[in-house]
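Protein chains in written order, with my numbering: chain A, 152 to 445; chain B, 431 to 723.
No false leads were slipped in.
Quick list of in silico lysine to any residue cross-link-like pairs, SDA-like style, CA-CA up to 20 Å:
id : chain 1 : residue 1 : chain 2 : residue 2
1  : B       : 626       : B       : 649
2  : B       : 630       : B       : 649
3  : B       : 488       : B       : 525
4  : A       : 201       : B       : 589
5  : B       : 496       : B       : 531
6  : A       : 201       : B       : 555
7  : B       : 564       : A       : 187
8  : B       : 686       : B       : 651
9  : A       : 201       : B       : 548
10 : A       : 201       : B       : 560
11 : B       : 564       : A       : 189
12 : B       : 496       : A       : 171
13 : B       : 564       : A       : 200
14 : B       : 626       : B       : 579
15 : B       : 496       : B       : 634
In silico negatives: residues of chain B with every beta carbon more than 10 Å from chain A:
id : residue
16 : 458
17 : 471
18 : 484
19 : 568
20 : 572
21 : 586
22 : 651
23 : 673
24 : 675
25 : 676
26 : 682
27 : 690
28 : 693
A few chain A residues facing chain B, derived, Cβ under 8 Å:
id : residue
29 : 165
30 : 168
31 : 191
32 : 192
33 : 198
34 : 206
35 : 277
Worth flagging that the hints you see were computed from the coordinates, not collected in a lab.
All values reported here derive from a predicted model rather than from experimental measurement.
Just so you know, even glycine gets a beta-carbon here, dropped at the ideal spot from N, CA and C.
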Amino acid sequence: MPAPDDGRSSGVVPTSVDVRTLIRVGERPPFREYLVALWNYRHFVFFDAKASVQSGNSKDRLGSIWLILNPVLNGLTFYLIFGVLLQVNRGVENFIGYLIIGVFLFQMSTRAISTGARAVPSNLKVIQAFNFPRATLLLSVNVREVLASIPVVITMLVLILLFEPVEDITWLWLLVVPALLLQTVFNLGVGLILARVVSRVNDVANVISFAMRIWMYASCVMFPITLFDPYPAVRTVIELNPLYQVLTIVRESVLYGEVPAWESWSILAVWAFGAVAIGMIYFWFAEETYGRDE
Amino acid sequence: MTSEIEFVREPPAIVVDDVSMVYRVPTTQNGSGAGQGFLRSVRRLVGSGPTVDVRALKGISLVVGKGESVGIIGRNGSGKSTLMKLINGRVPPTSGAIYASSRPTLLGVGAALVPDISGEQNIMLGCLAMGMSKNQIAHAYTSIVELSGLESSIHLPMRTYSSGMGSRLQFAIATAVDPEILLIDEALNTGDDQFKGRTKQRMDELLAKAGCVLLVSHSVGTIKEMCSRVIWVDEGELVMDGDPTEVIKWYGTFIKHLTARDRVAAMKTKRRAMNDLVVPHLISRETGRRSIE
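Can you build the whole structure from these sequences, using the hints too?
Written out as structure tokens, the structure reads:
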């Protein structure tokens with residue numbers, strides 16, 4: 152109520168209002184309802200994902216071809232530096248295949264995590280215009296990555312078949328699918344956590360690309376893990392790294408015709424489901440704050 | 431003025447309970463707390479220069495019933511748009527609470543959707559974002575396109591649209607679901623005459639469906655035409671709340687005095703208008719949870 156000293160003598164009527172039927176504006180829904188709402192918004196997630204796959208490279212002349220050209224050029228760069236100049240390929244069977252898998256798959260995580268981290272600021276207008284569970288934006292980023300990864304993975308397998316030594320196609324190649332799904336789940340979890348952090352402190356978005364680069368070196372994308380044999384502690388850390396395990400699983404099943412170790416699967420699965428559970432709760436906790444202008 | 435308790439029997443659409451809003455904004459004014467020399471350069475580098483507190487709203491209480499269309503008038507910077515943003519939930523109030531029967535939809539100027547995809551895809555995206563099902567969208571699609579008046583431009587990317595076209599499309603999408611509570615911030619002034627006619631028709635339909643509309647406008651004509659109740663806000667507080675003709679008459683006198691640079695007369699008009707103001711002091715009839723921020 153206004154202070155009486157500003158010269159007003161207005162009437163104040165005690166008014167009894169039933170607010171039980173009303174919702175408090177800007178309050179986040181309970182967690183279980185939130186999950187149900189996410190499921191109800193699945194069509195939104197798929198439509199948004201499809202629309203952004205189409206418009207993603209709309210300003211480039213080659214359009215969506217860049218989805219494939221990007222990792223190819225990236226792989227070529229790493230091949231020149233690590234394969235030809237530094238010769239770290241000693242002891243790696245089929246180094247080109249090893250490098251292609253590393254670069255192509257790691258790049259998918261880089262993109263999913265860095266676009267996911269910016270999900271709130273880059274969708275600010277949609278957030279402010281409509282009221283929907285905000286975690287759908289992260290789901291849509293990751294669905295988009297899965298859709299975009301289909302041609303990328305096919306290119307990757309074709310490239311592996313093109314370069315000597317040619318690997319045989321076995322049923323083990325099918326293991327790529329669950330490995331990539333677990334990778335996507337992990338990307339989603341990390342994206343959810345970073346999206347909340349970035350929505351509060353935008354500066355963090357600038358650090359992510361550096362962090363991803365360090366992570367890339369710690370995932371043995373372009374050199375073998377035997378490089379770290381003199382440092383057993385570092386080697387253990389790398390082996391606990393879920394993205395290193397994704398690369399290992401795919402390399403073993405596609406290049407070396409071996410069934411990936413159960414340790415690899417369990418490390419990856421624990422990370423993936425742990426990250427998505429923590430990420431979902433952490434992101435939901437600040438649901439009502441996304442898109443506020445402060 | 432009565433001392434009896436007034437009971438609001440019908441469940442209201444919006445309840446604004448003693449809401450205040452203080453913005454902390456950066457200022458370029460010198461000497462307001464900023465250090466000298468080095469410290470000041472550091473502050474500027476980090477982007478946290480001197481700030482001042484702006485009291486945009488000073489304890490506003492309102493009860494708006496279902497089926498009411500309320501116009502909000504006031505000078506620039508009087509707190510009208512802040513009130514709309516608070517009711518929309520886009521900004522949390524510094525103190526007080528806002529309750530609504532469903533989450534209010536805010537239509538504003540220049541709110542674009544996704545610029546890189548076509549108007550058609552934006553309709554799909556917007557409708558899905560409002561939680562409509564595929565069937566509902568298929569059903570509503572033609573009337574959205576018609577209301578937006580975009581015709582064949584609907585297939586072009588949104589970034590090629592003029593700002594008027596953009597806000598028409600947004601209005602058409604946002605009103606596709608018959609929102610229970612619609613907040614409009616000057617949006618109606620952006621359309622051309624043909625669109626205004628259509629908007630008016632759509633607004634009448636919305637009102638007929640017992641929706642509740644809050645309209646901020648500088649156009650007294652629009653307010654008179656559309657609203658059954660008018661609220662005058664000045665310097666973050668309520669001045670008048672009541673019959674459109676009455677409130678607009680007082681507001682007109684106030685503005686006339688201000689235009690004539692007669693501040694004293696203007697303030698006198700405002701004070702006299704405020705004399706008749708009746709403000710609800712809310713007692714929530716609620717036994718269960720009352721969430722605490």
